[in-house]
Amino acid sequence: MAKDMPQGVGTGAASVAPARPRASGWARILGWAGQRARLIAPLVTLLGLVVFFSLTTDSFFTTRNLWNGILSQYAVVAVAAAGTTFVLLCAEIDLSIAAVSLLIGVLSAYFWVTPVAGIDFGTWGVLIGLIAAALIGYMNGYFAAYIRIPSFMMTLAMSTIALGLAVWVTQGKPIFKVPDLLRTLGGTGSKIGPVPVPVIVAAVVLLVADIVLSYTKFGRYVYMTGGNCEAAEMSGVNTRQVVALCLMISGLTAGMAGMLNVGKLNGANPQPSNELLIFTIASVVLGGTSLFGGEGGIKNTLIGVLIFGCLRNGLNQVEGISIYIKQAVEGFFLVGALLLNVVALRLERIRTQAE
Amino acid sequence: MKRDDTVPYPSPVTHGSAPSTQQPRPVEPLLALRGVTKRFGGATALDGVDFELMPGEIHGLLGENGAGKSTLMKILSGFQAPDEGEMTLRGAPICFSSPAEAKAHGIGMVYQELSTIGALSVAENVFLGDQPTTRGGIINWKQMNAAAEAQLRELGVRVDVTRRLGALPLGLQQMVEIARIVFSGAEVVILDEPTSALSAPEAERLFASMRELRARGKSLIFISHFLEDVLAVADRVTILKNARRVATMPAAGLTKQRLIEMMIGRDASALAATYQEGVELPPPVEAPPVLEIEGLSIPGAVRGASLTVRAGEIVGLFGFLGSGMTEIARALFGQVQPQAGVIRLNGRPVQVHSSTQAKRLGIAYLSENRRATLFPRQEIYKNVTLAHLDHLVPPLFRRGSELGIAEQMVKRTGVRPPNPHLLAGYLSGGNQQKVVLGRWLTRQPKLLILNEPTRGMDVGAKREVLDLIKGLKAEGVAVLLLSAEPETVMTEADRILVMSKGRVTKEFASERVSKDLLMAHA
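Top line first, the protein sequences correspond to chains R and P. Position 70 of the first sequence, counting from 1, maps to 70 under the working numbering, and the rest follow consecutively. Position 240 of the second sequence, counting from 1, maps to 240 under the working numbering, and the rest follow consecutively.
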């Protein structure tokens with residue numbers, strides 16, 4: 001409030017709480033931070049992790065590890081997380097991310113190696129894959145928003161469908177040939193200067209998503225729908241359409257993530273794995289975007305992906321942790337980071353109520 | 001507490017007879033309040049109120065909105081404790097610290113919003129939370145169904161108790177709730193507006209059951225805006241006004257007119273003056289109609305309602321809960337689909353399917369449900385510009401132009417503090433309402449529908465909001481103003497339509513209206 005409530009307002013503010021007495025420097029800083037806890041809490045978590053791993057390992061804080069070990073490795077997660085942010089902001093969930101990304105990755109490779117109906121699509125298969133991703137996402141959205149199947153169930157069912165289709169298309173066999181375009185975009189080796197190309201792709205996707213969320217009518221509708229769906233509806237917002245489009249965007253980014261992954265691995269393997277789903281949702285939530293909608297954003301997601309990346313990458317390098325216990329430790333760290341966020345946000349809420 | 005316990009006073013009224021006209025009861029009251037006072041901050045909700053409930057009587061509790069009925073009800077049912085005064089149950093002083101404690105002492109509440117569960121069977125609802133079980137802890141269905149059926153039959157209700165409750169008409173659901181409360185041992189049953197959503201035959205059936213309960217020695221408190229309903233079934237009535245008790249008297253011989261006089265009159269001498277008071281409605285507005293509704297019907301809510309609102313005219317719609325006003329507003333905003341009838345906007349018939357379409361047609365709606373209007377965790381400026389985003393330089397809008405509009409609107413509506421960056425949740429109720437009103441003003445609506453726009457506001461904020469509405473009228477906006485407060489429609493409207501149970505019962509235009517006239521038709 002210190003910044004938001006300039007002096008001189010007090011006279012006209014009879015109906016709100018009177019302006020608080022001037023607080024000391026520290027209290028004011030804390031107050032300012034409390035206002036922005038949703039962004040600052042995860043940022044502090046991120047800094048804490050970076051400092052911790054820099055001190056405990058020699059290999060963590062090196063240019064090579066930061067570019068290749070973290071940024072490049074988690075670019076795929078960042079792309080998927082950009083779309084998932086839309087879904088969580090309007091208080092829905094998308095559990096089909098991993099399966100959709102798998103299917104779309106497989107499809108783009110399949111079109112590259114196999115002519116379909118006598119047409120050799122080549123690189124155009126990538127475009128077809130993107131269209132398919134958006135369509136699958138919109139189907140999720142349509143059933144969730146208009147037919148009112150809870151998105152939780154709808155996307156879970158879609159996850160099974162997408163997995164099944166991926167196995168069917170490839171007859172269960174991996175495809176080892178991948179469009180050159182995807183190897184350029186997603187390959188770990190492809191770089192512009194020191195910057196890996198996947199990182200650039202992720203940055204572009206995050207930037208576009210941030211602009212859409214912050215500066216367009218649609219973006220504002222997403223926040224308002226998540227913040228209070230009934231009020232948004234009663235203000236003339238087509239809330240169903242908003243929800244459907246958010247799930248479509250999530251499908252699209254999941255598809256893009258799948259393609260980057262195919263480029264990165266230089267092959268498409270219809271092996272079911274829910275890693276991407278867990279990584280993505282965990283990253284978005286770690287970043288401070290509310291699971292209940294209306295609060296958070298792409299900046300949070302960016303921080304969340306970095307927290308998640310540092311955590312996994314750093315733990316790998318800490319000596320003395322058995323490889324068998326690593327995953328459990330990772331889980332404990334996750335709970336710790338989430339706790340920190342929840343506590344910080346609760347503080348913010350208490351402040352809001354107190355004022 | 002068994003139902004067959006001897007009643008301390010022989011059942012004073014036989015089943016089916018007219019409300020009792022016998023002499024004052026020689027017995028002690030079952031439940032009594034003496035000099036009960038309750039304050040909320042600076043406002044006094046109850047001021048030294050006495051109230052006696054006799055065993056085996058139906059006691060009507062009447063008063064305008066804000067007279068203190070709900071506070072009295074909350075004290076009786078243990079939701080709130082009185083600041084002063086004492087409460088006695090069967091002559092012993094008592095103080096409830098929670099609704100559960102009141103329930104344990106045999107005081108049960110039937111709310112407007114039923115607390116039954118539609119997905120369960122009738123029998124399960126009668127026994128909700130207290131199902132008879134076999135020794136193994138498994139529900140004893142046979143015993144439960146038989147007992148539920150017997151229980152309902154005693155109330156004069158014959159229904160297949162294995163049916164899903166949600167499939168039954170509302171009137172029957174209400175009976176099931178009453179049966180549950182009586183069955184769990186209630187000696188006192190408080191009914192809050194039980195008839196507002198019932199059809200006439202359903203209400204009759206409710207009254208029969210109430211008389212049946214009375215014959216069994218139960219005491220009932222009947223709170224309602226529908227004075228005829230109270231007169232039809234109550235033995236005595238207590239009238240509250242401005243936090244005080246005006247009178248407690250036998251219902252027999254009372255008329256609706258007399259009740260209204262007591263509810264709104266200050267005292268006997270001022271009563272005549274109140275009668276004369278009231279407002280002269282202005283001469284009719286000569287302008288083309290913006291909204292015309294003809295024969296609008298919405299299942300279960302509105303039956304053939306017609307009305308017209310002209311440009312620059314404020315039409316007041318007065319009625320209580322269940323009158324159907326809100327449904328008309330919701331139909332105009334695309335939230336419910338009417339079964340029959342025509343809606344014309346500027347002379348053209350329209351069918352409104354969604355709020356988005358309504359917005360495009362130039363209709364703005366301020367809901368009575370504050371939770372459905374405000375985004376408390378978003379900044380004021382986002383709250384204000386939400387309906388205006390189409391016009392903010394698509395596809396990207398600049399923060400500057402958005403803030404400019406928000407600032408202008410905040411100034412125009414007098415939001416305090418006038419800082420568009422504050423979260424809307426920080427504001428007081430009146431200022432929140434100004435923000436929401438500002439949201440619609442950004443669109444220059446043709447038709448503005450306001451549902452209880454000033455409810456719960458302090459006098460100053462109320463005045464400001466009403467002045468804003470007057471300003472819109474001067475700009476030629478057609479305003480439909482819905483309220484259950486007679487003062488609101490009387491002071492603001494050019495014409496007043498009264499609605500009751502889904503119908504428009506009376507129209508007042510360019511004549512003198514007073515509260516009692518309005519309430520007589522509601």
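Derived from the structure by calculation, the hints contain no laboratory data. Keep in mind that this is a model prediction, so the values were computed, not measured. Hints may be right or wrong, so weigh each one.
[Stated by the list, open to error] PhoX-like mimics (lysine-lysine), calculated; alpha carbons at most 25 Å apart, straight line:
1) P:Lys470 / P:Lys506
2) R:Lys217 / P:Lys446
3) P:Lys411 / P:Lys446
4) R:Lys191 / R:Lys173
5) P:Lys241 / P:Lys462
6) R:Lys217 / P:Lys506
**OP:** With a cut-off of 25 Å on the C-alpha distance, tell me whether Lys470 (chain P) and Lys506 (chain P) pass.
**Re:** Given pair Lys470 (chain P), Lys506 (chain P) holds - Cα atoms ~24 Å apart, limit 25 Å.
Original post:
Regarding the pair Lys217 (chain R) and Lys506 (chain P), is the alpha-carbon distance no greater than 25 Å?
Top reply: violated (44 Å)
Subject >> Hint consistency between Lys191 (chain R) and Lys173 (chain R) [alpha-carbon to alpha-carbon, up to 25 Å] >> reply: The given pair, whose Cα atoms are some 30 Å apart, is violated under the 25 Å limit.
Original post:
For the pair supplied as a hint, Lys411 (chain P) and Lys446 (chain P), is the alpha-carbon distance within the 25 Å limit?
Top reply: holds (22 Å)
**OP:** Please work out if Lys241 (chain P) and Lys462 (chain P) have their alpha carbons no farther apart than 25 Å.
**Re:** holds (21 Å)
**OP:** Below or equal to 25 Å on CA atoms is what counts here, so check Lys217 (chain R) against Lys446 (chain P).
**Re:** Judged against 25 Å, a Cα distance of about 23 Å means the pair holds.
The structure is inconsistent with the numbered hints 4, 6, although it conforms to all the rest.
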